[in-house]
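S.K.: Sequence:
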Amino acid sequence: MLRGFYQRAILKNKIMASNDEQNQLQILRHSAAHVLAAAVLRLFPDAKYDIGPATENGFFYDFDLPRSLTEKDLTAIEAEMQSIIAANEPFERMEVSRATARQKMQALHQSYKCERLDAIPEGEVISLYKTGDFLDLCHGPHVKSTGCIKAFKLLSIAGCYYRGDETRQQLQRIYGTAFASQQDLDQYLQRMEQAKERDHRKLGVKLNLFLIDSLVGQGLILWTPKGTILRKQLQSFLEEELDKQGYDQVITPHIGKLDLFKVSGHYPYYKDSQFHPIWDRECIERAVDQAQSLDEIKERVRDKMDIDGFLLKPMNCPMHVRLYASQKRSYRELPLRLAEFGTVYRWEQSGELGGLTRVRGFTQDDAHIFCREDQVAGELKGCLKLINIIFTTLGMSDYRVRISLRDPASDKYIGDSALWEKSEQALRDAAKQLDKPSTEAIGEAAFYGPKLDFIVRDVLGREWQLGTIQIDYNLPYRFKINYVGSDNQPHVPIMIHRAPFGSMERFCGLLIEHFGGDFPLWLAPEQVRLLPIKDTCIAYADEVYALLKQAKIRCSVDDRAETLNSKIRSAESDKIPYVCIVGEKEQSAHSVSIRSRCQPHSNGTYPIEQLITLLRNEIDQRLLPEAFKGKKA
RNA sequence: GCCGGCUUAGCUCAGUGGUAGAGCUCCCGAUUUGUAAUCGGAUGGUCGUCAGUUCAAGUCUGACAGUCGGCUCCA
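In this note's numbering, the protein residues as written are 13 to 645.
Rather than coming from a laboratory, the hints here were simulated on the basis of the structure.
Errors might be hidden in some of the hints.
[To be verified] PhoX-like mimics (lysine-lysine), calculated; alpha carbons at most 25 Å apart, straight line:
| hint | residue 1 | residue 2 |
| --- | --- | --- |
| 1 | K218 | K587 |
| 2 | K238 | K597 |
| 3 | K587 | K561 |
| 4 | K208 | K269 |
| 5 | K587 | K208 |
| 6 | K142 | K256 |
| 7 | K546 | K244 |
[Stated by the list, open to error] Quick list of the computed label-pair ranges, beta carbon to beta carbon:
| hint | residue 1 | residue 2 | range |
| --- | --- | --- | --- |
| 8 | Q261 | E33 | 46 to 52 Å |
| 9 | T82 | E209 | 38 to 44 Å |
| 10 | V108 | E364 | 37 to 43 Å |
| 11 | R293 | G473 | 46 to 52 Å |
By construction, the Cβ of each residue, glycine as well, lies at the ideal position given by its N, Cα and C atoms.
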């Protein structure tokens with residue numbers, strides 16, 4: 013099965029085929045990929061080429077080359093491409109038999125192409141495309157000739173596995189992009205540059221929100237005082253909603269006995285994605301005493317099975333299940349909704365870590381709903397409502413919903429088939445509430461149940477899963493939990509896992525990019541900065557500060573011996589929502605002069621009391637900044 | 001984990017195998033300013049770490065770490 017980037021590229025192609033202009037661009041880009049391959053072959057006659065599809069914003073082509081490419085090679089390849097384009101060679105299509113295609117590709121020693129040929133189903137038309145000396149197995153279509161490619165640029169080199177399979181040959185992938193005109197290309201490149209300025213990793217440093225410290229460890233986030241305010245505001249917001257929806261909050265530890273995770277099945281099944289367990293001292297001693305050789309000890313460490321100890325929790329659910337199981341439950345008290353901002357730890361591969369979006373320790377806004385079968389649909393609706401409130405409040409409308417279903421052909425799923433169908437339908441029905449296009453993804457379900465995933469893009473266009481709602485048939489059975497029904501008989505409850513933010517870290521990362529650092533007032537770490545015009549006004553500024561502080565507004569006084577212009581510049585660059593200038597005029601009128609982020613040039617003067625009312629209203633209603641109004645989901 | 005790039009002051013970055021640099025920040029003076037950068041001074045470095053080549057390494061080589069772009073993975 014195709015995975016990752018290529019799979020997304022194919023999907024995108026299918027979606028975009030409906031749009032003619034986009035379709036033309038796709039053809040142009042795919043043709044540019046052919047030119048790229050032709051150029052690489054001129055420079056590396058021994059190169060083997062694999063595939064070169066168009067992607068959402070460009071194209072790539074995969075090669076097996078005698079040496080590693082560097083950025084410098086791209087210039088040479090681009091020059092070669094230019095010469096092919098200048099020659100204006102036509103793209104010639106030839107429909108051939110499978111045998112002919114095979115013979116031609118074998119003659120060129122193109123083993124990857126031969127394997128790709130084998131993968132084409134019987135009965136499909138097989139076509140070759142020829143441009144100059146370059147021959148490619150390709151379904152097409154293409155532009156008329158290489159001269160049609162007016163504007164392109166090679167962007168980067170990356171390693172990739174043949175057919176996305178990490179056990180196979182690693183190839184070199186060259187990424188590039190092409191547009192109908194140089195102007196479009198320049199615009200795109202400029203947009204990308206601007207996007208980098210919004211990158212949460214860059215803004216995180218600039219606005220001093222969080223820190224990743226190599227001495228602390230990769231993928232482990234240190235939240236600064238400012239970042240902590242942001243995160244805690246989000247948490248309080250969610251806590252208010254949880255309270256409205258009848259959740260109970262709980263707190264559970266960061267580690268638990270290995271036995272707990274053996275019962276849940278997380279250990280050792282997912283042991284490669286977990287931090288190494290903390291072995292009991294006696295267990296280590298026993299292992300050493302009993303082992304005949306060092307190899308045997310090594311084996312034990314590797315297997316990690318026959319040991320006792322503790323595990324940094326990779327998930328919160330087992331602990332919540334134990335809370336459920338601690339009492340005899342009646343059908344009358346269901347649904348029981350246990351929520352926790354629970355920090356979990358997972359051993360992500362080092363190459364995958366980055367910023368706040370992929371980390372090794374993160375806090376889920378987790379909750380587990382234990383309910384009866386007849387309550388599932390209602391509970392799902394509640395979850396969706398929560399997610400809708402969150403996205404609407406934050407003005408995030410650019411997300412997609414994936415309904416992750418089981419693959420009926422696979423036997424990896426547990427649970428009753430009728431129950432699956434019922435749940436899958438319940439998820440579909442619930443998803444309709446969101447008024448968002450949703451896609452069904454067969455085979456994306458967890459082995460223990462179907463789920464709804466909420467997926468957003470970062471500034472660089474990469475997709476990330478945020479919230480998730482999952483139905484679980486597994487854990488209630490593994491932990492043998494039940495409730496007493498109206499028939500006085502024990503019944504197994506159904507469990508719903510749900511996390512609207514997903515991970516606080518990832519969510520904050522995407523939120524920083526979403527707002528470009530210009531947070532709504534209620535989230536801004538520093539809401540107001542008071543700028544006294546000269547030293548003699550500092551006392552008045554302090555007076556205003558005390559009043560704002562009393563109204564629980566986060567503010568500061570910039571009392572540096574700097575010019576007003578300099579202080580304004582600092583405040584703007586720190587993205588302070590409201591800058592209040594206080595001088596003699598303001599002091600005598602007991603007012604401030606407001607310079608707001610959204611309207612920097614309307615210098616309204618407001619009495620202090622009015623300012624406080626204004627700000628409190630904006631905070632309490634969690635209003636979006638002006639720039640985001642009308643963008644509500 | 002795999003392929004490749006990058007790592008110089010708190011930040012952004014210069015630096016031809018031959019004495020370690022700039023701007024901003026921070027600190028100290030002076031300036032008291034009305035809506036996006038006042039002036040001057042001082043501090044700040046094991047050039048990611050450890051080896052190697054060389055008379056000489058920030059610069060060349062290797063290993064490791066971190067980071068970036070992908071790939072793989074993501075309960």
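S.K.: Hint compliance check: list the failing hint numbers for this structure, sorted ascending.
M.R.: Those not satisfied are hints 2, 4, 6, 7, 9.
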